[in-house]
Amino acid sequence: GAVVSQHPSRVICKSGTSVKIECRSLDFQATTMFWYRQFPKQSLMLMATSNEGSKATYEQGVEKDKFLINHASLTLSTLTVTSAHPEDSSFYICSAAGQLSNQPQHFGDGTRLSIL
Amino acid sequence: GDSVTQMEGPVTLSEEAFLTINCTYTATGYPSLFWYVQYPGEGLQLLLKATKADDKGSNKGFEATYRKETTSFHLEKGSVQVSDSAVYFCALTQGDAGNMLTFGGGTRLMVKP
Chain A
498 GAVVSQHPSR VICKSGTSVK IECRSLDFQA TTMFWYRQFP KQSLMLMATS
548 NEGSKATYEQ GVEKDKFLIN HASLTLSTLT VTSAHPEDSS FYICSAAGQL
598 SNQPQHFGDG TRLSIL
Chain B
560 GDSVTQMEGP VTLSEEAFLT INCTYTATGY PSLFWYVQYP GEGLQLLLKA
610 TKADDKGSNK GFEATYRKET TSFHLEKGSV QVSDSAVYFC ALTQGDAGNM
660 LTFGGGTRLM VKP
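Chains as they are written, first to last, in the numbering used here: chain A, 498 to 613; chain B, 560 to 672.
These aren't lab readings, by the way, just hints derived from the structure by calculation. Heads up, some of the hints might be wrong.
Which chain B residues stay away from chain A? Per the calculated CB distances, all over 10 Å, these [what the hints assert, rightly or not]:
#, residue
1, Asn-581
2, Ser-631
3, Thr-652
Interface residues of chain B toward chain A, partial, derived using beta-carbon atoms under 8 Å [claimed, not checked]:
#, residue
4, Gly-602
5, Leu-603
6, Asn-658
7, Met-659
8, Leu-660
9, Phe-662
10, Gly-664
If you're wondering where the values come from, they're calculated on a predicted model, not measured in any experiment. From the three backbone atoms N, C-alpha and C, an ideal C-beta is built for every residue, glycine too.
With the rest of the complex left out, here is chain A (with noise of 0.2 Å):
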């Protein structure tokens, strides 16, 4: 089946630190690359789509200048969590999709960031 790999699995770092989470799709072009974020015992929250090679479409109260998103190509997107702070720490998932609609996402298995 499709795969999606997500890197780093863990970070812990200082506040201030700037944080890249990279998704990759191993098997398939991914067309659209989703982000979330989730909260402890939480669903999950749409962050922003980004479509390769176009700027990503963040959801209402995300803020764009702190979570940078890059779709540089069909099988990577990047999301850079800049000057970090605690309120921060989440669990981050990135998921992809091929071209065809109705097609199902295929999820990374997270990021884990704690800021200290």
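Chain A is already provided as a structure; the job is to place chain B on it using the hints.
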């Protein structure tokens, strides 16, 4: 807008018990419906899907039938195992929504030996 409603958890069952997790949806048109499972500390995995009315998705002993008349997609399994303990998410996507998923709130299942 579209929405998905799941029964609140946690659902606690003994091993080999029958499982039902209710899911209902509100959507225009003919969405595709999915169940995803999330094991502790991991991302989501697609469990099963159905793309049109009366379709039955099945995988690993789990089943769900797309019921348009009741706008439901309930997840069932005849005999749960401890390894089924996880959070289950019901979701839908519309054909014109660029694969964007609308999730339910998730239901935590705990299976005790």
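Hints versus structure:
At roughly 16 Å, the least C-beta separation between B:Asn-581 and chain A is larger than 10 Å, which holds for a residue marked as non-interface. No Cβ of chain A approaches the Cβ of B:Ser-631 within 10 Å, the least distance being about 19 Å, so the stated non-interface status holds. A Cβ of chain A approaches the Cβ of B:Thr-652 within 10 Å, the least distance being about 6 Å, so the stated non-interface status is violated. For B:Gly-602, the interface hint holds, the least distance from its beta-carbon to any beta-carbon of chain A being 4 Å, beneath 8 Å.
Hint status for B:Leu-603 relative to chain A: holds, with the closest Cβ pair at about 4 Å, below 8 Å. Because the closest C-beta pair between B:Asn-658 and chain A is about 4 Å apart, less than 8 Å, the hint holds. Interface hint status for B:Met-659: upheld, as the beta-carbon distance to the closest one in chain A is roughly 7 Å, under 8 Å. Hint on B:Leu-660 holds. Least Cβ distance to chain A is approximately 6 Å, under the 8 Å limit.
Look at B:Phe-662: its Cβ gets to within about 5 Å of chain A, closer than 8 Å, so that hint holds up. The criterion of a C-beta within 8 Å of any C-beta in chain A is met by B:Gly-664, whose closest approach is roughly 5 Å, and the hint holds.
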